[in-house]
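Line order of the protein sequences matches chains A and B. Quick note, in the working numbering, the first sequence goes up one by one and the last residue is 161. Quick note, in the working numbering, the second sequence goes up one by one and the last residue is 287.
Derived from the structure by calculation, the hints contain no laboratory data. What you were told as hints is all true, and nothing was included just to trick you.
Far from chain B by the CB rule (all over 12 Å, computed), these chain A residues:
| id | residue |
| --- | --- |
| 1 | 8 |
| 2 | 13 |
| 3 | 96 |
| 4 | 104 |
| 5 | 157 |
Pulled a few chain A residues facing chain B out of the computed Cβ check, cut under 8 Å:
| id | residue |
| --- | --- |
| 6 | 44 |
| 7 | 46 |
| 8 | 59 |
| 9 | 69 |
Every residue gets a Cβ at the ideal spot worked out from N, C-alpha and C, and that includes glycine.
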Amino acid sequence: MTGKARITLTVNGEPFEAEVEPRMLAADFLRDELGLTGTHVGCEHGVCGTCTIMMNGVSARSCLMLAVQLDGAEVQTVEGLGTIRDMHRIQEAFHEHHALQCGFCTPGFLMTVCDILESLPLRTDAEIRDALSGNICRCTGYDHIVKAVRTLVDERDGAAS
Amino acid sequence: MMKPAAFEYVRPDTLAEAVTALDHDDARIIAGGQSLLPMMNFRLVQPERLVDINRIADLERIERTETGLRIGALTRHANAARDPLLAEHFPIVAEAMGHVAHVAIRNRGTVAGSLCHADPSAEWPLLVTLLDGEIEILGSDGHRSAEPSEFFLAPLVTDIEEQELVTGVHLPLPAGPSGMAFEEVAQRAGDFAVVAAGAMVRMENDTFAEVRLGLGGVFDTSVRARALEGALTGQRARAEELEAALPLAIEDLEPNDDLHASADYRLSLVPVLARRALIRALHRATQ
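Chain A with its partners taken away, still in its complex shape:
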């Protein structure tokens, strides 16, 4: 196909159908076509992690995927986590630990944490730092982010925090 491609997908539980140019990046599709601007775009070459989304249950960089590759996928963006009045537990933990300053990187961190809480043991803070190493915080607020994740891991594992 040379022209636009028709895709159907689910984003935050809601079905969508769209026509996209094959070269459109998944991040731009979510932001510009669906208006879901919570997914941020930083470096646009897979280094900064701020465009991280969940796709079919695992995290992915939406600047390193094409919109057309989302055809048939189940996508979750930061908008699907919670709202200001009804935050997701991960967002609450970030709030409690002051794990954000300017907030630009936060959506990417939140989506990465969605993945690693499910997929990794994260026994030590060094393991948490390693698992977060694909997300860059230019305010350098890493200590608080690690503390928030430590709290979430302890809750997950039933340990006293």
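Assemble the complex: chain A is given as a structure, and chain B must be docked to it using the hints.
Relative to chain A, chain B alone:
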């Protein structure tokens, strides 16, 4: 703003369709896209046709063969890291995958993608070089296979022809109980290796029946330290013998200076990482 130039998008459902789609002057395959899409976003690469092989069935399978394990081309790094067959026969794979980029990239990046990108610092080219893997290739003339030394020609250059694709890699099991270990130095977690080393040690009684040392980041391709391997085979299997052979590890290496490290620094890392990897492999072989 960095966006790919326009291209024609083709998404084959079968290998045969993929080969047909590659019959084009300027076609590129996209697997995980974790190396290709950054280059397309920068417009360093502007293919006229993009052939997306992600929907081809059965390319993500890892299976036992008569002589080893076969890893499908689309196996994601994250899945390789937690695969029970690989954990049983080649635990070094999970160890190495811990050094591959970051969580989100491991979820998406593929074995064949890493092999075809052929970065001399990357983990899969080093693993396949160390483990005497055989790379399976399909083209319009049918199947062929290539050894790592035939496949990797130069940095980012392989012997893949325009109308060919990698369908998987076969890793032969070692001839007997063995130990393996992987070591890497990178500037930050997830960065490309400055230098990486993989070792395999197989013992019979108290002697080294086979020693292998693979190195990344110190030559145009992943390489084996053949001089060291030859010197150790048949020797008494002790740390002292490994130590004495370490100077041979840097023989014939030609590292480059680049932004990340000088050639001298890379060379100085080789005996250090070789020692760590070989000692741990020896220890595991004796367990």
